[in-house]
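A.B. asks: Sequence:
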Amino acid sequence: MENAINDTKEVGMSLEDYNYNLPQELIAQDPLENRDLSRLMLLDKNTGEIKHQIFHDIIDYLNPGDCLVLNDTKVIPARLIGEKEGTGASVEVLLLKRKKDNVWETLVKPGKKARVGARISFGDGLLVGEVIDVVEDGDRLIRFEYDGIFEEILDKLGEMPLPPYITHKLLDKNRYQTVYAVNSGSAAAPTAGLHFTNDLLKKIEEKGVNIARVTLHVGLGTFRPVKVDNILEHHMHSEIINVKKEAADLINETKKNGGRIISVGTTSCRTLESAADENGMIHPMNKETDIFIYPGYKFKAVDCLITNFHLPESTLIMLVSALAGRENVLTAYEEAVRDKYRFFSFGDAMFITDCIVKK
Numbered sequence: 025m026e027n028a029i030n031d032t033k034e035v036g037m038s039l040e041d042y043n044y045n046l047p048q049e050l051i052a053q054d055p056l057e058n059r060d061l062s063r064l065m066l067l068d069k070n071t072g073e074i075k076h077q078i079f080h081d082i083i084d085y086l087n088p089g090d091c092l093v094l095n096d097t098k099v100i101p102a103r104l105i106g107e108k109e110g111t112g113a114s115v116e117v118l119l120l121k122r123k124k125d126n127v128w129e130t131l132v133k134p135g136k137k138a139r140v141g142a143r144i145s146f147g148d149g150l151l152v153g154e155v156i157d158v159v160e161d162g163d164r165l166i167r168f169e170y171d172g173i174f175e176e177i178l179d180k181l182g183e184m185p186l187p188p189y190i191t192h193k194l195l196d197k198n199r200y201q202t203v204y205a206v207n208s209g210s211a212a213a214p215t216a217g218l219h220f221t222n223d224l225l226k227k228i229e230e231k232g233v234n235i236a237r238v239t240l241h242v243g244l245g246t247f248r249p250v251k252v253d254n255i256l257e258h259h260m261h262s263e264i265i266n267v268k269k270e271a272a273d274l275i276n277e278t279k280k281n282g283g284r285i286i287s288v289g290t291t292s293c294r295t296l297e298s299a300a301d302e303n304g305m306i307h308p309m310n311k312e313t314d315i316f317i318y319p320g321y322k323f324k325a326v327d328c329l330i331t332n333f334h335l336p337e338s339t340l341i342m343l344v345s346a347l348a349g350r351e352n353v354l355t356a357y358e359e360a361v362r363d364k365y366r367f368f369s370f371g372d373a374m375f376i377t378d379c380i381v382k383k
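Quick note on numbering: the sequence shown equals residues 25 to 383 in my numbering.
It is worth saying that the hints were derived from the structure and are not from the lab. One or more of the hints may lead you astray.
[What the hints assert, rightly or not] Computed cross-link-like contacts, PhoX-like style, restricted to lysine-lysine with a CA-CA straight-line distance of at most 25 Å:
| no. | residue 1 | residue 2 |
| --- | --- | --- |
| 1 | Lys269 | Lys69 |
| 2 | Lys231 | Lys269 |
| 3 | Lys268 | Lys124 |
| 4 | Lys251 | Lys268 |
| 5 | Lys69 | Lys108 |
| 6 | Lys75 | Lys98 |
| 7 | Lys69 | Lys324 |
| 8 | Lys251 | Lys269 |
| 9 | Lys324 | Lys269 |
| 10 | Lys133 | Lys75 |
| 11 | Lys123 | Lys108 |
| 12 | Lys231 | Lys382 |
| 13 | Lys280 | Lys322 |
| 14 | Lys98 | Lys280 |
| 15 | Lys108 | Lys98 |
| 16 | Lys324 | Lys280 |
| 17 | Lys69 | Lys124 |
| 18 | Lys180 | Lys108 |
| 19 | Lys75 | Lys382 |
| 20 | Lys193 | Lys180 |
| 21 | Lys75 | Lys231 |
| 22 | Lys197 | Lys226 |
| 23 | Lys280 | Lys227 |
| 24 | Lys98 | Lys268 |
| 25 | Lys279 | Lys311 |
| 26 | Lys311 | Lys268 |
| 27 | Lys75 | Lys193 |
| 28 | Lys69 | Lys364 |
| 29 | Lys197 | Lys69 |
| 30 | Lys98 | Lys269 |
| 31 | Lys231 | Lys280 |
| 32 | Lys322 | Lys268 |
| 33 | Lys98 | Lys136 |
| 34 | Lys75 | Lys108 |
| 35 | Lys180 | Lys231 |
| 36 | Lys108 | Lys226 |
| 37 | Lys123 | Lys193 |
| 38 | Lys382 | Lys193 |
| 39 | Lys280 | Lys226 |
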């Protein structure tokens, strides 16, 4: 694993250093009717100053010549409910990562029903999977058999893989997609991007802000709970990233001209930091990354970050703490709780910036 720390300064290496008290009722269960009407907390990463706005006001804090970096991954209906052949027992399969054409790394519940050789039928045999291996953390490799096009069968049989803290049924599955999602492959949405509308993105471009698109297919690695007290012992699962030359050139040109690189979401952030060299130059690449960013890390590419409010003791709150400072972040989260911000995937947004003066 690429442990992304660049110095040995002793900062917040204990899991409990990233805990905070969150009332259950602040966990957003449904998306807002209008994407860009979420609340927006601005946090100055240098001073800790906080300001409150509505998300569509973010345009006022972006400068001509900045570059907004979007993760254009698309969530697939990755949750499948099937029956184990021979017993009829119910089995849930979550597709995590395509390993090759018909073989996927999956999370199976209950795992004891999915030993090597077990066969699971979905949709009365429209799709059949055979467990061919048990890999790291008990994930299963499943080889699928079907007639036709896999993606079309998945659209018919699969459900959107909402996080377990969302208990309400999602009425419109497009609300768990960004408006710019094009590259299918994620088991979860890059949720910071859910706040953008096509109209807002158009206005941002008209202001002279560059928009670059990269891809990170979100797996469960980002969301797996940290189970060790010393965060340095945590192992991140790898996820697939793709940075095309067009995006790399646009980002590098922005940096050269003095513009800021503003990452939309922690997934875009991890992609950029994985693709950057020591001088902050972005290189085109298509590979897996298991980069783990936590306080002490020296950012090479990303200047600012648009993100949601993250789970206590998660790798994501560690990442934002690396950019804005742990004390600043925890203070901001305490204020968000007091002000009844909405948390997690369908919740409100935070803009970690270097200046919260309107431009």
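A.B. asks: Evaluate each hint against the coordinates.
C.D. replies: Evaluation of the provided hints:
{"no.": "1", "hint": "Lys269 <-> Lys69", "result": "violated (30 Å)"}
{"no.": "2", "hint": "Lys231 <-> Lys269", "result": "holds (24 Å)"}
{"no.": "3", "hint": "Lys268 <-> Lys124", "result": "holds (21 Å)"}
{"no.": "4", "hint": "Lys251 <-> Lys268", "result": "violated (35 Å)"}
{"no.": "5", "hint": "Lys69 <-> Lys108", "result": "violated (51 Å)"}
{"no.": "6", "hint": "Lys75 <-> Lys98", "result": "violated (32 Å)"}
{"no.": "7", "hint": "Lys69 <-> Lys324", "result": "holds (16 Å)"}
{"no.": "8", "hint": "Lys251 <-> Lys269", "result": "violated (38 Å)"}
{"no.": "9", "hint": "Lys324 <-> Lys269", "result": "holds (18 Å)"}
{"no.": "10", "hint": "Lys133 <-> Lys75", "result": "violated (43 Å)"}
{"no.": "11", "hint": "Lys123 <-> Lys108", "result": "holds (23 Å)"}
{"no.": "12", "hint": "Lys231 <-> Lys382", "result": "holds (13 Å)"}
{"no.": "13", "hint": "Lys280 <-> Lys322", "result": "holds (19 Å)"}
{"no.": "14", "hint": "Lys98 <-> Lys280", "result": "violated (31 Å)"}
{"no.": "15", "hint": "Lys108 <-> Lys98", "result": "violated (29 Å)"}
{"no.": "16", "hint": "Lys324 <-> Lys280", "result": "holds (14 Å)"}
{"no.": "17", "hint": "Lys69 <-> Lys124", "result": "violated (42 Å)"}
{"no.": "18", "hint": "Lys180 <-> Lys108", "result": "holds (19 Å)"}
{"no.": "19", "hint": "Lys75 <-> Lys382", "result": "holds (11 Å)"}
{"no.": "20", "hint": "Lys193 <-> Lys180", "result": "holds (17 Å)"}
{"no.": "21", "hint": "Lys75 <-> Lys231", "result": "holds (22 Å)"}
{"no.": "22", "hint": "Lys197 <-> Lys226", "result": "holds (24 Å)"}
{"no.": "23", "hint": "Lys280 <-> Lys227", "result": "holds (24 Å)"}
{"no.": "24", "hint": "Lys98 <-> Lys268", "result": "holds (17 Å)"}
{"no.": "25", "hint": "Lys279 <-> Lys311", "result": "holds (23 Å)"}
{"no.": "26", "hint": "Lys311 <-> Lys268", "result": "holds (12 Å)"}
{"no.": "27", "hint": "Lys75 <-> Lys193", "result": "violated (33 Å)"}
{"no.": "28", "hint": "Lys69 <-> Lys364", "result": "holds (22 Å)"}
{"no.": "29", "hint": "Lys197 <-> Lys69", "result": "violated (34 Å)"}
{"no.": "30", "hint": "Lys98 <-> Lys269", "result": "holds (20 Å)"}
{"no.": "31", "hint": "Lys231 <-> Lys280", "result": "holds (19 Å)"}
{"no.": "32", "hint": "Lys322 <-> Lys268", "result": "holds (24 Å)"}
{"no.": "33", "hint": "Lys98 <-> Lys136", "result": "violated (31 Å)"}
{"no.": "34", "hint": "Lys75 <-> Lys108", "result": "violated (53 Å)"}
{"no.": "35", "hint": "Lys180 <-> Lys231", "result": "violated (41 Å)"}
{"no.": "36", "hint": "Lys108 <-> Lys226", "result": "violated (49 Å)"}
{"no.": "37", "hint": "Lys123 <-> Lys193", "result": "violated (30 Å)"}
{"no.": "38", "hint": "Lys382 <-> Lys193", "result": "violated (38 Å)"}
{"no.": "39", "hint": "Lys280 <-> Lys226", "result": "holds (24 Å)"}
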